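Residue numbers (full-length UniProt numbering), protein chains in the order written: chain A, 1 to 387; chain B, 1 to 387; chain C, 1 to 387.
Quick caveat, the hints were computed from the structure, so don't treat them as lab data.
Where hints are given, some of them may not hold.
One copy or two, it doesn't matter: identical chains are merged, so the pair holds either way.
As the list claims (entries may be wrong) - With a straight-line Cα cutoff of 27 Å, these simulated DSSO-like cross-link-like pairs (lysine-lysine) come out:
id: 1; residue 1: K346; residue 2: K285
id: 2; residue 1: K51; residue 2: K377
id: 3; residue 1: K15; residue 2: K382
id: 4; residue 1: K377; residue 2: K52
id: 5; residue 1: K305; residue 2: K289
id: 6; residue 1: K186; residue 2: K282
id: 7; residue 1: K52; residue 2: K382
id: 8; residue 1: K293; residue 2: K186
id: 9; residue 1: K15; residue 2: K186
id: 10; residue 1: K51; residue 2: K202
id: 11; residue 1: K293; residue 2: K21
For clarity, every value in this text was computed on a predicted model and none was experimentally measured.
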Amino acid sequence: MEKINTLINELETLKPDLFGKDFLLTWDNSLDSLKAVMLVAEILQNFHWQKKPWRIFDYGLAISIFRDNSTRTRFSFASAVNGLGLALAELDEVKSQIAHGETVRETANMISFLTEVIGIRDDMYPGEGHTYMLEVANAISEGYQQGILAQRPAVINLQCDLDHPTQVLSDLLKLKDYFGGWENLKGKKIAMSWAYSPSYGKPLSVPQGIINLMTRFGMNVVLAHPEGYDLLPETIQSAFSFAQESGGSFSQTTLMEEAFQNADIVYPKSWAPMSVMQQRTKLLKAGDKQGLKELEMHCLAQNEKYIDWECDDEMMKLTKNGNALYEHCLPADISDVSCENGEVAKSVFEKYRLHTYQEAGYKPFVIAAMIFMSKVKEPAAKLRSFV
Amino acid sequence: MEKINTLINELETLKPDLFGKDFLLTWDNSLDSLKAVMLVAEILQNFHWQKKPWRIFDYGLAISIFRDNSTRTRFSFASAVNGLGLALAELDEVKSQIAHGETVRETANMISFLTEVIGIRDDMYPGEGHTYMLEVANAISEGYQQGILAQRPAVINLQCDLDHPTQVLSDLLKLKDYFGGWENLKGKKIAMSWAYSPSYGKPLSVPQGIINLMTRFGMNVVLAHPEGYDLLPETIQSAFSFAQESGGSFSQTTLMEEAFQNADIVYPKSWAPMSVMQQRTKLLKAGDKQGLKELEMHCLAQNEKYIDWECDDEMMKLTKNGNALYEHCLPADISDVSCENGEVAKSVFEKYRLHTYQEAGYKPFVIAAMIFMSKVKEPAAKLRSFV
Amino acid sequence: MEKINTLINELETLKPDLFGKDFLLTWDNSLDSLKAVMLVAEILQNFHWQKKPWRIFDYGLAISIFRDNSTRTRFSFASAVNGLGLALAELDEVKSQIAHGETVRETANMISFLTEVIGIRDDMYPGEGHTYMLEVANAISEGYQQGILAQRPAVINLQCDLDHPTQVLSDLLKLKDYFGGWENLKGKKIAMSWAYSPSYGKPLSVPQGIINLMTRFGMNVVLAHPEGYDLLPETIQSAFSFAQESGGSFSQTTLMEEAFQNADIVYPKSWAPMSVMQQRTKLLKAGDKQGLKELEMHCLAQNEKYIDWECDDEMMKLTKNGNALYEHCLPADISDVSCENGEVAKSVFEKYRLHTYQEAGYKPFVIAAMIFMSKVKEPAAKLRSFV
Numbered sequence: 001m002e003k004i005n006t007l008i009n010e011l012e013t014l015k016p017d018l019f020g021k022d023f024l025l026t027w028d029n030s031l032d033s034l035k036a037v038m039l040v041a042e043i044l045q046n047f048h049w050q051k052k053p054w055r056i057f058d059y060g061l062a063i064s065i066f067r068d069n070s071t072r073t074r075f076s077f078a079s080a081v082n083g084l085g086l087a088l089a090e091l092d093e094v095k096s097q098i099a100h101g102e103t104v105r106e107t108a109n110m111i112s113f114l115t116e117v118i119g120i121r122d123d124m125y126p127g128e129g130h131t132y133m134l135e136v137a138n139a140i141s142e143g144y145q146q147g148i149l150a151q152r153p154a155v156i157n158l159q160c161d162l163d164h165p166t167q168v169l170s171d172l173l174k175l176k177d178y179f180g181g182w183e184n185l186k187g188k189k190i191a192m193s194w195a196y197s198p199s200y201g202k203p204l205s206v207p208q209g210i211i212n213l214m215t216r217f218g219m220n221v222v223l224a225h226p227e228g229y230d231l232l233p234e235t236i237q238s239a240f241s242f243a244q245e246s247g248g249s250f251s252q253t254t255l256m257e258e259a260f261q262n263a264d265i266v267y268p269k270s271w272a273p274m275s276v277m278q279q280r281t282k283l284l285k286a287g288d289k290q291g292l293k294e295l296e297m298h299c300l301a302q303n304e305k306y307i308d309w310e311c312d313d314e315m316m317k318l319t320k321n322g323n324a325l326y327e328h329c330l331p332a333d334i335s336d337v338s339c340e341n342g343e344v345a346k347s348v349f350e351k352y353r354l355h356t357y358q359e360a361g362y363k364p365f366v367i368a369a370m371i372f373m374s375k376v377k378e379p380a381a382k383l384r385s386f387v
Numbered sequence: 001m002e003k004i005n006t007l008i009n010e011l012e013t014l015k016p017d018l019f020g021k022d023f024l025l026t027w028d029n030s031l032d033s034l035k036a037v038m039l040v041a042e043i044l045q046n047f048h049w050q051k052k053p054w055r056i057f058d059y060g061l062a063i064s065i066f067r068d069n070s071t072r073t074r075f076s077f078a079s080a081v082n083g084l085g086l087a088l089a090e091l092d093e094v095k096s097q098i099a100h101g102e103t104v105r106e107t108a109n110m111i112s113f114l115t116e117v118i119g120i121r122d123d124m125y126p127g128e129g130h131t132y133m134l135e136v137a138n139a140i141s142e143g144y145q146q147g148i149l150a151q152r153p154a155v156i157n158l159q160c161d162l163d164h165p166t167q168v169l170s171d172l173l174k175l176k177d178y179f180g181g182w183e184n185l186k187g188k189k190i191a192m193s194w195a196y197s198p199s200y201g202k203p204l205s206v207p208q209g210i211i212n213l214m215t216r217f218g219m220n221v222v223l224a225h226p227e228g229y230d231l232l233p234e235t236i237q238s239a240f241s242f243a244q245e246s247g248g249s250f251s252q253t254t255l256m257e258e259a260f261q262n263a264d265i266v267y268p269k270s271w272a273p274m275s276v277m278q279q280r281t282k283l284l285k286a287g288d289k290q291g292l293k294e295l296e297m298h299c300l301a302q303n304e305k306y307i308d309w310e311c312d313d314e315m316m317k318l319t320k321n322g323n324a325l326y327e328h329c330l331p332a333d334i335s336d337v338s339c340e341n342g343e344v345a346k347s348v349f350e351k352y353r354l355h356t357y358q359e360a361g362y363k364p365f366v367i368a369a370m371i372f373m374s375k376v377k378e379p380a381a382k383l384r385s386f387v
Numbered sequence: 001m002e003k004i005n006t007l008i009n010e011l012e013t014l015k016p017d018l019f020g021k022d023f024l025l026t027w028d029n030s031l032d033s034l035k036a037v038m039l040v041a042e043i044l045q046n047f048h049w050q051k052k053p054w055r056i057f058d059y060g061l062a063i064s065i066f067r068d069n070s071t072r073t074r075f076s077f078a079s080a081v082n083g084l085g086l087a088l089a090e091l092d093e094v095k096s097q098i099a100h101g102e103t104v105r106e107t108a109n110m111i112s113f114l115t116e117v118i119g120i121r122d123d124m125y126p127g128e129g130h131t132y133m134l135e136v137a138n139a140i141s142e143g144y145q146q147g148i149l150a151q152r153p154a155v156i157n158l159q160c161d162l163d164h165p166t167q168v169l170s171d172l173l174k175l176k177d178y179f180g181g182w183e184n185l186k187g188k189k190i191a192m193s194w195a196y197s198p199s200y201g202k203p204l205s206v207p208q209g210i211i212n213l214m215t216r217f218g219m220n221v222v223l224a225h226p227e228g229y230d231l232l233p234e235t236i237q238s239a240f241s242f243a244q245e246s247g248g249s250f251s252q253t254t255l256m257e258e259a260f261q262n263a264d265i266v267y268p269k270s271w272a273p274m275s276v277m278q279q280r281t282k283l284l285k286a287g288d289k290q291g292l293k294e295l296e297m298h299c300l301a302q303n304e305k306y307i308d309w310e311c312d313d314e315m316m317k318l319t320k321n322g323n324a325l326y327e328h329c330l331p332a333d334i335s336d337v338s339c340e341n342g343e344v345a346k347s348v349f350e351k352y353r354l355h356t357y358q359e360a361g362y363k364p365f366v367i368a369a370m371i372f373m374s375k376v377k378e379p380a381a382k383l384r385s386f387v
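Same shape as in the complex, but just chain A (with noise of 0.2 Å):
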């Protein structure tokens, strides 16, 4: 108890902006509605394991919508709707008429009735993810602002071509909980890297998401990807100035041996390079299958030739007393247990695998508060309610 409730007295301390919103990219948010998801989280989350109730709902929908697919993200979402009280409703593209060519501002409205949130995983073609959540958003507002909707459902970013914020956030939860406290992140180096992995066209919102939040909180940030993995160049240029403002750093390297030099923390994650992910939507949309076979051979042979890019123990012995943490959302390409030559070597996963379970741990309950906060007008009040 006196942990959660240390946990609501810093709550109250913050001016969050998170009544009535979305969640869509953690750098729309300011540093304190940030903070205040993750305390939410981590109260919530106290609650779970003290068997307290937390549900805010008499009842109501939650619906996701998946365009990718998702275990752990799935069920963080189901979990998270159903500790929260709402009842998860999966919009299956196919089942349902949008395969029918029915609109988006139409069919958002159309399951809306009864809906309190609306979760989205639309993350393989640049331009497109962020573009859908923001349709979704706009066609449910005006449905709510036009008296069709009795309550205007929050819409919750379970991953977009930009950003992965409930991803990150549980990143940055776990560093809390390891360094013991967001004051110990100050200075702390971590390396975002590119890993080889035998698959292709990985989304990249989670190094975007990685380098544009862990910056904020006074980080020393370094990305390193081979020449051509480049991410979408508006992130690399906000991930210059968040480390500005809170005096951290943002730097690149085309060497995963110069990032992991000395780091606190290493997020080593296979992803495709923006040029490849463009050129692929480009084919999806014109249908071209042969082009798509091509560009994937063109891209697994391109990814050959970075096969060393392997997080292993050598790797390891660079870091800050060949000690850093390891991180990876999961799930991770593991050399001669998924894969041949993977992201990450065996002997350094395993290692770290308790680690990177108890940092998804945390996103069931990262996206219950991103919901809390958007409903919830009290939020201290009425987590003190279920105490």
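Following the hints, put chains B and C in place on chain A, whose structure we already have.
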């Protein structure tokens, strides 16, 4: 609150016969029963807007069986049962062993041990959908009478080959609201008109449902369609006799213009000729892919002849003060939006778009009201307990 | 109420060892544990008939993993967890990233942060299903012990390659009810017999489960099947020793008639020879489509030889007073109904149809009882609180 009390008082003046019953066809129900469903729907909708819970079940399942695609009805049903306190379980006939030739009679009981409601959409094959619903209803009646089931689930028609009661009652509630009460609907002219669509095989349930519901409320119903696009003969006959009983009228024409002339309400919508649907059913049963392909091509070519059956500004000018209310079950085939040439012009649809959203917004509450009336012995008392 | 109190009193005389445990195999559980599950199932069923809620969870997920088709077990699980207060979340291994080579260990933890129960059906491959369930169980045990999970989900076997405990305990509850108590089952003869079916590859779990459960209750169990349709040897051995312990008997024959002779209960059901199932597993793993096709044809031809293994009126005449109770897990292959020649004659099945429905009706409550006993420290006290 006052509005709710007024509605409950009106409900008490009626003698509905819905307790323990299924809701399959509007024309199997008395006028009092139909009005009761609509009043309860309005009441529950008002509770929702006032954020007052209207749960009637401690626990239990609501099962949906969708034999055709659906977005709005799927989510309307999910919303309705959630508000009433049930958990949704969708019977996917592919996943389930029905695919293995299990009999309807057996399956219906196997899934019903803790089930309060079974919602079914089966609208594609004339002579099939309603028959299937009766099979399910009879199976669970036997199970209940024989002591297999502790409760008899209510079967709700979410669209069959004959009628689409949850839709047309929502359409009617929109009219009640728009014109200020049922009394004001007497003598109003509604044009239920076929309209062109580049698609094929749309069910007959909506036009059949409209002409058999609106005629019961004293409206002047005109059915318009090109030659060959007939509805089921028995639904035409019943429309005539309903009109006679109510003092309204029912007539048919092969000219869209004639139907629109001085109309108060227009409902332009595409459907497939009954004969085509019947032929289609035969071919599907025979698994005659070639025949189906030819039939589709034949039909689309046939439709092309009537490409000018579009609800455009010119057509709307013909209506009462050029200002008739446009209704549609959605999604509409909108020219230059969802297709090149469709049922309605973009300009017309946009003018009435929010009206169609409100129209759709009644559906979750109409479904909830059907379940409520089937399950609650003292509806008015129960509703008062929510106030 | 009186019946419920009697059952609770009986429950208090037992020393079950189920708290915090999974339920995977009946033969891993003591007689007291099995009786406790069945008593609690009867009690919960009585609460349901008296419309008294029996919820034990404020919130939480119940996850089902179905690696084979299912209707009744799917809905039984959905019903059970709903009554207990959990929300169902189905893990679809196609939608999920398990399809991307994620390890069982990781996935099991990733989906369990707010999960109380995991129900698994994995019955197609000898040596696979039970092993998979143990992997899941070990994974979440580690997660719980290592502080990753706030609660350890109970793993419930919804049918594996070895046993089908929720089914056979339902079969036994039907016998308890039919013959008036466990005592009256002593010395009763039950014929667990193979029967002809035009299908192929049916699991062995039901016959293996039946011979290993009924022998523990002092029954005389006769297993009949054509040569070559053997069950797993260890399940035969354990059946012999269970019979010895209980004072019942176990024997085998290759004549259906001999098994039916003077039987009190008959359970005629088709299954595939163990050797075929094992070969099938190899071919599936090798992706040998041609081999699978040949194996299926070979098996169907093999089955044809035993087309006379049908439970028809002649066969039933051999039983005690020609009046044995017919049991089946459903769906049965009924001659002239679901196939030309099947496991049971239409006339026989129709006579016992409602009995088979009652038999199936216990399953939701058996599942609920397994979860209840795993999660509730003081079962009798909790049950009394529902009265």
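**Message:** At most 27 Å between CA atoms: does that hold for K305 and K289 within a copy, between copies, both, or neither?
**Reply:** within (25 Å within a copy, 36 Å between copies)
**Copy assignment of K15 with K186, given that the CA separation must stay at most 27 Å** = Close inside one copy (21 Å), not across copies (57 Å); limit 27 Å.
**Prompt:** Given a CA cutoff of 27 Å, do K186 and K282 count as a within-copy pair, a between-copy pair, both, or neither?
**Reply:** So K186 and K282 fail the 27 Å test inside a copy (41 Å) and across (56 Å) alike.
**Message:** Within, between, both or neither: how does the pair K293, K186 come out at a Cα-Cα threshold of 27 Å?
**Reply:** Result: close neither inside a copy nor across copies, 45 Å intra and 64 Å inter.
**Request:** Tell me, please, which holds for K377 and K52 at an alpha-carbon limit of 27 Å: within, between, both or neither?
**Result:** Both: 21 Å inside a copy, 18 Å across copies.
**Request:** Indicate which option fits the pair K51, K377 if close means a Cα-Cα distance not exceeding 27 Å: within, between, both or neither.
**Result:** This pair counts as both: shortest intra-copy Cα distance 24 Å, inter-copy 15 Å.
**Request:** At 27 Å max between alpha carbons, let me know whether K52 reaches K382 within a copy, between copies, both or neither.
**Result:** both (13 Å within a copy, 19 Å between copies)
**Message:** Within, between, both or neither: how does the pair K15, K382 come out at a Cα-Cα threshold of 27 Å?
**Reply:** within (16 Å within a copy, 43 Å between copies)
**Request:** Classify it for me, K293 with K21: is the Cα-Cα distance of at most 27 Å met within a copy, between copies, both or neither?
**Result:** neither (41 Å within a copy, 49 Å between copies)
**Prompt:** Within a copy, between copies, both or neither: where do K346 and K285 come within 27 Å Cα-Cα?
**Reply:** between (38 Å within a copy, 25 Å between copies)
**Request:** Please work out whether the CA atoms of K51 and K202 approach to 27 Å or closer within one copy, between two copies, in both situations, or in neither?
**Result:** neither (37 Å within a copy, 42 Å between copies)
Checked against the numbered hints listed earlier, the structure breaks hints 6, 8, 10, 11; every other hint is satisfied.
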